[in-house]
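Go ahead and model the full structure; you've got the sequences and the hints to work with.
Chains as they are written, first to last, in our numbering: chain L, 1 to 367; chain G, 368 to 734.
The reader is advised that the hints may include incorrect statements.
Said to hold, decoys possible - In silico lysine to any residue, SDA-like type, Cα no more than 25 Å apart, as pairs:
hint, chain 1, residue 1, chain 2, residue 2
1, L, K138, G, K647
2, G, K587, G, T408
3, G, K564, G, S374
4, L, K303, G, K564
5, L, K138, G, Q443
Unchecked claim - Computed, partial: chain G to chain L, Cβ under 7 Å:
hint, residue
6, M453
7, V455
8, G687
To be clear, the hints were calculated from the coordinates, so they are not data collected in a lab. For glycine and all other residues, C-beta sits at the position ideal for the given N, C-alpha and C.
There are 2 protein chains.
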Amino acid sequence: MALFSISRRSRVTPFHQRVMEHGVKAFTFYNHMLLPSLFTTLEGDYHHLKKDVQVWDVACERQVEITGKDAAFLTQYLVPRNLANMKVGQCYYTALTDHNGGMLNDPMILKLAEDHFWISVADSDILLWAKGIALGMKLDVTITEPDISPLAIQGPKSDELAARVFGDNIRDLRFFNFAKFPFMGREIYISRSGYSKQGGFEIYLDRFSDGNALWDAIFKVGKDLNVQAGCPQMIERIEAGLLSYGNDLTILNNPFEAGLGKYCHEDQIPDFIGKAALTKIRKEGHKREIRYLAVDGAPLFFKGTPWKVMKGDQFVGEIGSITYSPDFKTNVAMAMIEREFWQEGTQAQVHSDDGIRNAIIHEKSFI
Amino acid sequence: MALFSISRRSRVTPFHQRVMEHGVKAFTFYNHMLLPSLFTTLEGDYHHLKKDVQVWDVACERQVEITGKDAAFLTQYLVPRNLANMKVGQCYYTALTDHNGGMLNDPMILKLAEDHFWISVADSDILLWAKGIALGMKLDVTITEPDISPLAIQGPKSDELAARVFGDNIRDLRFFNFAKFPFMGREIYISRSGYSKQGGFEIYLDRFSDGNALWDAIFKVGKDLNVQAGCPQMIERIEAGLLSYGNDLTILNNPFEAGLGKYCHEDQIPDFIGKAALTKIRKEGHKREIRYLAVDGAPLFFKGTPWKVMKGDQFVGEIGSITYSPDFKTNVAMAMIEREFWQEGTQAQVHSDDGIRNAIIHEKSFI
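As structure tokens, then:
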């Protein structure tokens, strides 16, 4: 960790005041916005997330809003996942690639109406990408970043907490679906989704100035559930194998490498950006893919430069994320692993800043 | 300032090791990359920059490289500045807008050949914007982020230091021009430019692995010039009125508001993105423009949320950047000021986190 200079450019969120009052200890920077990254300790945040319920300021999950006559065409054109059967109220996780099939983002798309979509983006300016494509193709769409700031409720007690704030109906909301729920005399969108495997919701606050009110409404009724401020939690998300764009994959990776081949439907979609490239890659077979590593020894701390994975003097792959898991009592990592080595149980060595460590490559994530 | 979690997503630069060894105290995050923001103290860095010479890791000034048959067309189509007379070896500072005339960036363009340009970008993914436009228009171009990492030499002793490393010819390089200079048995591009008004150069390192070598070559010959590690310096850049995209202007501002009207040539360019919008805005007159404020009282510290400028109960504008200037013995700020109040010498009040302060609005920057 290092000190970080805050300026207007590192935009604050509607929940910033409350996040500070709840003792945030560190941030990262995501879509030109502050994203809390630590509240108590890495292990403290982790155990609490798995046991109780947390409120996360994930306003940095900005929405790219596409409306207009060509909105459905453009949204489909941007992604390799078939949206033909997508219903209003559904969320689709998808790759988003350039014409070479290089990953630009791995967003979640929300369909609000037949001609109204939100692309809830990871950390890259898909707003500019989508606007550029639309302008170049002279499409009839409006593309903006609306005043929408997600606040997540995550953890095993999420249903109980959300029901107390938004009503018992929210318990019936299905995974990766969203609907409107009452809040402050109006209705706001809430999805059953989130960047953990502990269950929960993402609340799409539609008015910056209501940040404190939303936060307080949740905390007021959550004391006995031991609700706490939290944030996307590195240990849990690596255990869960949730991708982090920029960490585990970049523009140099294609969706197959990212493990998203099952969401690519080249043969079902008339045309989309990257169709030819993805068709070719699928036919020829991709050369590496994301895998989950257990790495021996004392806790390892990553300083941002990918570590090589080797087997003797053979290149096996590169680690993008690694941390120590208290529950699994081993270091857990996500790495791009070459085809020759990606089978379950392959043994290899990680060349860490802390020396060479033995590792086992797994095909499935830890949780 | 706050603590900052470093990961692969906050990409390190080729100079990171040396920056750490030179005692960097804080970073910011810029184009998905670490940008040092403090080495000694804000005032220490400032006085040294104005007196001696500094080496800045500005690798985060990423280059969007455009090559191919349509490269000249696309580069011109992206910006409102007339590039018709731009010569190979020149740098042009320019606005870069969307079709509404909203600022997406304020890059410096380098023309390397008739069909080869670098857009040296401020903090937004212009790589995606340019690729999107090109793909939508089916242009014959290749657009990439090449392995180019600028390292700046800034300060009054820059010419002497650069001449010792790259030869005396560099003294003849004109402002906002660039040329090739010898380094490690090859030639690399260097421009006379940089994000300060103290003079200096930007060196476009073309091989990540040579970061230490370039850094060391400069420091080895600069001891008697008192060369130190530095970084874009907030006090000096606000005194100098250098714009910071995301701080002083956003997509909600047009180039006239940013004070870049003189670089907009709507009538000279057959077509470019935003031409109709900028033509209309120029005709109707823009409603606010960037101004430079002297703000009374003790040093003010900005926490990222713009402060209002008022005159009694009238809205005068909003501050995007502010700091205390030791040389001018006052707080200095940059603000978007409404037309009615933007004349030299207008008095107003800044509603800071530290209370209401008297301010004077200036038409020119402090240095």
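Results of checking the hints against the structure:
Among the hinted pairs, L:K138 with G:K647 is consistent with the structure: their alpha-carbon atoms are about 20 Å apart, no more than 25 Å. A threshold of 25 Å between alpha carbons decides the hint, and for G:K587 with G:T408 the separation of about 24 Å falls inside it, so the pair holds. Between G:K564 and G:S374 the CA atoms are separated by roughly 33 Å; this puts the pair beyond 25 Å, and the hint is violated. Between L:K303 and G:K564 the alpha-carbon distance is near 34 Å, which puts this suggested pair outside the 25 Å criterion.
Note on L:K138 and G:Q443: the hinted pairing holds, with a Cα-Cα distance of about 18 Å set against a maximum of 25 Å. Interface hint status for G:M453: violated, as the beta-carbon distance to the closest one in chain L is roughly 23 Å, over 7 Å. A distance limit of 7 Å between C-beta atoms decides the matter here; for G:V455 the minimum to chain L is near 27 Å, and the interface restraint is violated. The beta carbon of G:G687 comes within 5 Å of a beta carbon in chain L, closer than 7 Å, and the hint placing it at the interface holds.
Against the hints set out earlier in the document, violations occur for numbers 3, 4, 6 and 7.
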